[in-house]
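Engineer: Listed below, chain by chain, are the residues.
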Amino acid sequence: MFKYFPHTESDLAAMRAKIGIAADQDMFVDIPEAVRMKKDYKLPAALSEIEIRAKLSEIAAMNRPAIVFSGLGAYDHYDPSVIGALLSRQEFLTSYTPYQPEIAQGTLSYIFEYQSMVTMLTGMDVSNASMYDGPTAAAEACFMAMSMTKRNKILVSAAVNPNIAEVVLTYAHFRGLEVAFIPVAEGETSLPDLKNLLDETVAGVIVQKPNYFGIVESFDGVSEAIHQNGSVMIESCDISTLAVLKTPADDGADIACGDCQSLGMPLAFGGPYLGYLATKKPHVRRMPGRIVGQSFDRNGKRAFVLTLQAREQHIRREKANSNICSNQSLMALYATIYLSLMGPDGIKRVNELSYQNAHKLYDLLIATGKFTPVFKKPFLKEFVLHTSLDQTLIRQALADHGYFGAVSLADYDDSYRDVVNFAVTEKRTQEEIERFAAVVGGL
Amino acid sequence: MKTYDRLIFELSVPGRTGVALPSLTGKKHPLRELGGLLRATAPALPEVSELDVVRHYTNLSQKNFGVETGFYPLGSCTMKYNPKINDEIAGMPAFNQLHPLQPAAQIQGVLKIYHELQGMLSEISGLAEFSLNPYAGAQGELTGLMIMKAYHEDKGDFKRKKVIVPDAAHGTNPASAALCGFDIVEIPSTAQGFVDLDELKAVLSDEIAGMMLTNPNTLGMFDRNILEITKLVHAAGGLMYYDGANLNAILGQCRPGDLGFDIMHINLHKTFSTPHGGGGPGSGPVGVRKGLEAFLPNPQVKKDGPDYYVEKGADAIGSVSGFFGNFKVWLRAYVYCLTLGKEHLKDVGRFATINANYVRVALKDDYRLPIDSFAMHECVFDGLVDQSTGVTTLDVAKRLLDYGFHAPTIYFPLLFHQSIMIEPTETESMQTLDEFIAIMKKVADEAKTDPDLLKRAPTTTPVTRIDEVYAAKKMILTFQDFIAENGR
Amino acid sequence: MNKVLDGILYNPTHEWAQIHDGVATFGITAFAASQLGTVVFVDLPAVGAKLVQNKEFGAVESVKAASDLIAPLSGTVVEVNDDLVGDPEAINKDAFSAWMIKVKMTAPAELNALLTPDQYRAVSK
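Chains as they are written, first to last, in the working numbering: chain A, 1 to 443; chain B, 1 to 488; chain C, 1 to 125.
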């Protein structure tokens with residue numbers, strides 16, 4: 001016997017008798033003899049729970065968790081204890097997509113709350129129930145723009161995080177969508193270059209806030225130029241910062257997308273995170289993914305249900321807006337609980353502390369004389385600096401002291417090979433910030 | 001609890017908070033330095049205490065049905081038990097605190113898991129290598145199709161723009177192919193949902209990039225012509241894509257690679273028992289046969305001697321994820337594989353299949369069995385045997401909720417008008433199945449004696465049947481919409 | 001509900017066309033409406049749009065289904081029934097009154113390709 005299989009020999013005998021088979025192999029007669037497995041899988045032997053714990057502890061010890069001072073799309077924010085406890089409730093954790101709404105009001109209610117909160121933060125009218133992550137949300141936003149404009153080209157600001165741009169490029173390449181990059185001037189999306197690139201083939205333009213260099217762009221004149229051209233403005237934002245920064249709606253964007261990881265989600269080696277996608281109401285039917293709407297049951301009681309499903313792949317098949325099916329629902333619950341705990345004041349405080357901490361580190365690093373500014377532009381919790389130090393040395397010293405930071409931008413562009421990234425959140429203490437600066441300053 | 005129907009916004013009282021955060025350290029660097037870049041008004045998030053939050057979401061959870069609540073025979077979704085040890089491991093701080101961009105030397109443990117799991121999935125599938133980056137089955141399909149396209153284009157063959165998809169396929173198949181820029185060639189299936197070989201031969205040409213297939217098919221039946229099918233498509237220069245949604249059925253019985261498939265995805269949240277989370281996060285690793293490995297998406301995890309490292313392959317299709325996919329999902333699948341090991345993984349398909357056939361045989365006098373032959377991991381009925389009462393599959397499904405069961409998948413596959421698709425999975429006991437069968441029979445009786453009872457069902461659930469037309473017409477999609485419609 | 005109106009022409013894909021003075025009025029049939037269920041959304045082209053016979057010109061959507069609208073004839077859209085966009089359920093009430101668009105025909109010869117009421121009756125049985 002095995003703990004996950006309840007089949008006793010006597011059960012199996014009774015079941016075989018009822019089915020009318022002598023041996024289990026009789027049920028598999030349709031599998032051609034030539035390809036039936038005749039040997040066991042070449043896999044390790046089964047482990048007991050005691051052994052699993054020991055083995056995984058050993059593997060875990062091969063990792064070196066660090067005090068994080070970089071971001072680039074994954075930020076080390078505070079995760080309130082409440083969230084993990086609530087997410088582990090089996091009713092949330094083990095249920096499927098809410099296809100039977102009468103016994104899934106828990107899921108449907110929190111998705112409705114999630115959609116509401118995403119629209120509050122982005123200023124948009126509607127949000128879907130979640131996307132995989134920020135980069136894939138941006139790719140899907142491009143397809144929305146394509147469908148809205150019947151055009152075939154996407155402009156991506158070179159100030160967009162390359163890990164978003166790469167996913168957009170991949171999705172676009174295979175779909176037959178053209179992509180061009182808008183050059184950066186002084187760390188911001190260049191408006192004159194944008195205007196030059198806009199033509200009648202451009203479906204959408206992706207910009208990012210705060211951008212890859214941590215700069216909070218103002219986007220003055222950007223939406224006007226894009227809309228004058230009949231194109232769609234897609235703004236990818238770190239959603240946590242939207243609690244204090246002007247919203248994508250304020251910036252004139254038609255689609256807002258990005259990652260919700262910054263809402264306290266554990267770094268967890270890159271996932272699960274959560275992508276969000278929101279837009280204006282007239283475009284709701286162009287949105288991919290699930291959407292929850294409010295209705296009433298037969299007794300007139302308020303109830304929630306999956307709606308506008310006719311856009312989706314299980315009905316529209318190849319004409320669907322997207323193929324997305326499983327999403328990141330449980331992480332949408334994470335985001336919803338996080339934002340409920342925080343409230344408007346808490347999430348503001350998170351941003352204030354991050355701002356203060358990041359600027360403190362910035363000042364300390366400049367004061368070491370070993371770092372110089374790359375741009376003189378406003379930033380919130382993330383920034384880049386030039387350094388004359390040997391980067392291998394920096395990272396080794398940081399690792400020796402249990403820090404992770406100063407990630408190189410050399411992969412982004414060779415002319416940035418002396419530029420490194422820093423990010424500081426509310427989680428970093430004053431001592432950590434000072435010691436971090438001292439470690440690199442002492443090199 | 002059942003009557004609880006609040007939204008978190010409705011608990012809000014100005015001034016309350018659910019967190020305690022550090023104080024600001026001084027007056028230096030206030031956020032207001034950002035001036036005109038700041039929003040004018042704060043978002044209208046709820047203001048609630050920590051207990052308000054805990055109680056609200058606990059109450060909401062109790063309106064949900066999970067695998068641990070009761071039997072969840074949702075066909076095609078493989079709602080097996082999600083072991084607790086997997087969750088425990090996924091919660092270890094040493095995994096939660098890793099930044100995905102940390103240098104390889106600091107993340108050897110997680111890279112080892114990535115590498116070992118992809119190796120185990122390769123062995124189970126009979127393929128050469130897997131990427132764990134795709135986030136879900138549908139994205140695995142898309143990634144696999146990108147690989148298919150890249151393979152042909154790499155050979156300089158740009159005319160293969162069509163993908164064959166049987167009409168019985170999951171809806172994601174044609175949607176993924178369209179998203180990948182392919183034209184879809186849909187071929188009709190036989191009455192059993194199998195590939196019609198003549199129809200297949202008729203569409204094969206040098207414009208076909210490949211074919212997507214689920215086997216066992218969406219009726220839960222194994223296509224015995226599979227070797228002929230893969231041979232035909234290969235002879236025409238196409239590749240075979242295996243939709244791994246139904247992989248659970250064949251664990252221990254056969255391997256997609258041995259059947260002639262070149263590319264596949266696995267839904268770890270189905271076959272490898274990771275929790276579905278109310279619709280996600282899932283994980284959809286994509287695997288390829290030898291010769292296609294270079295096309296797998298970036299980042300790629302490799303091993304050199306005892307050391308693991310991360311690489312960007314020059315021939316890779318690109319990236320389909322920000323980082324390494326849903327790490328904590330594939331970590332759970334890794335633990336599941338270690339727990340079952342070679343001794344027990346091989347039994348999964350056998351026990352899942354015996355369970356499905358047990359239900360099939362027990363219910364065939366009460367529910368129409370369109371195809372009376374062995375099922376694999378799931379069986380499909382076409383409504384009640386007695387169709388005179390006007391009771392539909394929907395009514396049956398709703399009545400099951402009153403009896404404390406989750407409903408099976410209904411109205412899929414589309415081959416039948418009243419489909420009821422039951423997938424018990426291997427973790428359910430004969431006793432549970434007997435209880436389910438007894439209730440299914442009782443419902444069939446009720447349909448004859450009191451059809452109205454079924455039409456009214458469910459009545460014991462937190463809400464009764466919902467007006468879907470109202471939802472679609474009114475489009476109340478946020479709390480703000482709700483207030484605009486109803487006032488405060 | 002499965003009625004077929006005489007005096008107008010049909011697409012096998014369940015659109016109807018009524019011809020008057022070189023202008024064709026399009027809608028969907030009662031059969032199509034009953035197959036869809038309650039219609040919750042109609043997507044129609046703008047005035048001035050050029051339609052091509054047998055190509056899609058819009059879509060109708062119910063709670064559980066969506067269907068493309070296929071142009072019975074080629075032409076230019078001269079009028080759109082905006083009331084229908086606000087009240088799509090009118091299609092379920094009376095599909096033959098719930099017209100969608102009026103189109104100035106550009107290829108009258110195409111009329112020969114459409115089904116007569118009797119032919120459509122056979123299709124929609």
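Honestly, the hints are just simulated from the structure, not real lab data. Be careful, since some hints might not be right.
To be verified - Calculated lysine to any residue pairs in the SDA-like style (CA-CA distance at most 25 angstroms, straight line): (1) C:Lys64 x B:Phe416; (2) B:Lys162 x B:Glu293; (3) A:Lys281 x B:Pro30; (4) A:Lys18 x B:Lys312; (5) A:Lys246 x B:Arg39; (6) A:Lys42 x B:Pro188; (7) B:Lys474 x A:Gly123; (8) A:Lys150 x C:Gly48; (9) C:Lys64 x B:Thr41; (10) A:Lys427 x B:Lys312; (11) A:Lys39 x B:Pro188; (12) B:Lys302 x A:Leu12; (13) B:Lys312 x A:Met1; (14) A:Lys427 x B:Lys302; (15) C:Lys64 x A:Gln100; (16) A:Lys150 x C:Asn92; (17) A:Lys348 x A:His77; (18) B:Lys364 x A:Asp193; (19) B:Lys162 x C:Val47; (20) A:Lys370 x A:Lys301; (21) A:Lys301 x B:Glu10; (22) B:Lys474 x A:His77; (23) C:Lys125 x B:Pro188; (24) C:Lys93 x B:Arg39; (25) A:Lys18 x B:Thr432; (26) B:Lys455 x C:Gly48.
Bear in mind the structure is a predicted one, so any value in this text is a computation, not a measurement.
Engineer: Taking the hints in turn, state whether each one holds.
Structural biologist: A quick look at each hint next to the structure:
no.: 1; hint: C:Lys64 x B:Phe416; in the structure: holds, 16 angstroms
no.: 2; hint: B:Lys162 x B:Glu293; in the structure: holds, 22 angstroms
no.: 3; hint: A:Lys281 x B:Pro30; in the structure: violated, 36 angstroms
no.: 4; hint: A:Lys18 x B:Lys312; in the structure: violated, 55 angstroms
no.: 5; hint: A:Lys246 x B:Arg39; in the structure: holds, 4 angstroms
no.: 6; hint: A:Lys42 x B:Pro188; in the structure: violated, 38 angstroms
no.: 7; hint: B:Lys474 x A:Gly123; in the structure: holds, 20 angstroms
no.: 8; hint: A:Lys150 x C:Gly48; in the structure: holds, 17 angstroms
no.: 9; hint: C:Lys64 x B:Thr41; in the structure: violated, 40 angstroms
no.: 10; hint: A:Lys427 x B:Lys312; in the structure: violated, 32 angstroms
no.: 11; hint: A:Lys39 x B:Pro188; in the structure: violated, 36 angstroms
no.: 12; hint: B:Lys302 x A:Leu12; in the structure: violated, 43 angstroms
no.: 13; hint: B:Lys312 x A:Met1; in the structure: violated, 44 angstroms
no.: 14; hint: A:Lys427 x B:Lys302; in the structure: violated, 33 angstroms
no.: 15; hint: C:Lys64 x A:Gln100; in the structure: holds, 14 angstroms
no.: 16; hint: A:Lys150 x C:Asn92; in the structure: violated, 31 angstroms
no.: 17; hint: A:Lys348 x A:His77; in the structure: holds, 13 angstroms
no.: 18; hint: B:Lys364 x A:Asp193; in the structure: violated, 69 angstroms
no.: 19; hint: B:Lys162 x C:Val47; in the structure: violated, 35 angstroms
no.: 20; hint: A:Lys370 x A:Lys301; in the structure: violated, 65 angstroms
no.: 21; hint: A:Lys301 x B:Glu10; in the structure: holds, 16 angstroms
no.: 22; hint: B:Lys474 x A:His77; in the structure: violated, 38 angstroms
no.: 23; hint: C:Lys125 x B:Pro188; in the structure: holds, 22 angstroms
no.: 24; hint: C:Lys93 x B:Arg39; in the structure: violated, 48 angstroms
no.: 25; hint: A:Lys18 x B:Thr432; in the structure: holds, 16 angstroms
no.: 26; hint: B:Lys455 x C:Gly48; in the structure: violated, 48 angstroms
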